[in-house]
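Asker: One-letter residues, chain by chain:
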Amino acid sequence: GAGVSQSPSNKVTEKGKDVELRCDPISGHTALYWYRQSLGQGLEFLIYFQGNSAPDKSGLPSDRFSAERTGGSVSTLTIQRTQQEDSAVYLCASVQSSGKDEQFFGPGTRLTVL
Amino acid sequence: EDQVTQSPEALRLQEGESSSLNCSYTVSGLRGLFWYRQDPGKGPEFLFTLYSAGEEKEKERLKATLTKKESFLHITAPKPEDSATYLCAVQVRGSGSRLTFGEGTQLTVNP
Numbered sequence: 001g002a003g004v005s006q007s008p009s010n011k012v013t014e015k016g017k018d019v020e021l022r023c024d025p026i027s028g029h030t031a032l033y034w035y036r037q038s039l040g041q042g043l044e045f046l047i048y049f050q051g052n053s054a055p056d057k058s059g060l061p062s063d064r065f066s067a068e069r070t071g072g073s074v075s076t077l078t079i080q081r082t083q084q085e086d087s088a089v090y091l092c093a094s095v096q097s098s099g100k101d102e103q104f105f106g107p108g109t110r111l112t113v114l
Numbered sequence: 001e002d003q004v005t006q007s008p009e010a011l012r013l014q015e016g017e018s019s020s021l022n023c024s025y026t027v028s029g030l031r032g033l034f035w036y037r038q039d040p041g042k043g044p045e046f047l048f049t050l051y052s053a054g055e056e057k058e059k060e061r062l063k064a065t066l067t068k069k070e071s072f073l074h075i076t077a078p079k080p081e082d083s084a085t086y087l088c089a090v091q092v093r094g095s096g097s098r099l100t101f102g103e104g105t106q107l108t109v110n111p
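These protein sequence lines are chains R and S, in that order.
Under my numbering, the letters of the first sequence match residues 1 to 114, in that order.
Under my numbering, the letters of the second sequence match residues 1 to 111, in that order.
Same shape as in the complex, but just chain R (with noise of 0.2 Å):
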């Protein structure tokens, strides 16, 4: 069946300005995460969404980061006046229930701030 998958799978922008990163969970999957990757970094945890509930935005590095999650279904990660600092690949995750269930990555959007 389909896995996660992730758009743009690579993505330059210049400082300043803002982009919009998506994510299509696997169909059914009720959790969702994202996470960052930087170079010679481990994976950063950003934020969590879990059904209906208020999702877990504790890993949000700055406000100038936010995202939401329509439907129940897809998720679009925000990055307003973004800054070079922000250049990582962002990581996309599905889970089927929350718990301890192992997380299902997408590939990732490399972001690149010029």
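Check each hint, because a few of them may be wrong.
Stated by the list, open to error - List time: in silico DSBU-like cross-link candidates among lysine-lysine, alpha-carbon distance up to 30 Å: (1) Lys68/S x Lys57/S; (2) Lys69/S x Lys15/R; (3) Lys69/S x Lys59/S; (4) Lys57/R x Lys59/S; (5) Lys42/S x Lys17/R; (6) Lys69/S x Lys57/R; (7) Lys11/R x Lys59/S.
Because the hints were derived from the structure by calculation, they are not lab data.
Everything numeric in this text was worked out from a predicted model, so none of it was measured.
Once you've looked at the hints, dock chain S against the given chain R.
Answerer: Just chain S, lined up with the frame of chain R:
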């Protein structure tokens, strides 16, 4: 603060040369420990979840073990296609189901 440390950072093996990767963790309460494999330009691919000390899981040439302080990923008779970055992550009680990752071990298996 929850911490996950993986060692070594990089490992080069000859085909058939068995070895182990280490993941040590310091967390307030472990719910689960996860191993992932990541190939260049791709997202992490799930390998194993371990929930309690003493638990072991195997898949082909890989075997994961767990103690109260660390996990090992044993690779028996590796092949070049096992070359990848192996990531360890923990899920901590009271932190929802987010994963806290180590920085990974980059494994290269030469033919």
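Asker: Look at each hint and say if it fits the structure.
Answerer: Hints, verified against the model:
1. Lys68/S x Lys57/S: holds, 16 Å
2. Lys69/S x Lys15/R: violated, 43 Å
3. Lys69/S x Lys59/S: With a Cα-Cα distance of about 22 Å, the restraint between Lys69/S and Lys59/S holds, given a limit of 30 Å.
4. Lys57/R x Lys59/S: violated, 35 Å
5. Lys42/S x Lys17/R: Between Lys42/S and Lys17/R the Cα gap is close to 26 Å, so the pair holds against 30 Å.
6. Lys69/S x Lys57/R: holds, 29 Å
7. Lys11/R x Lys59/S: violated, 36 Å
Hint compliance for this structure: hints 2, 4, 7 are broken, all remaining hints hold.
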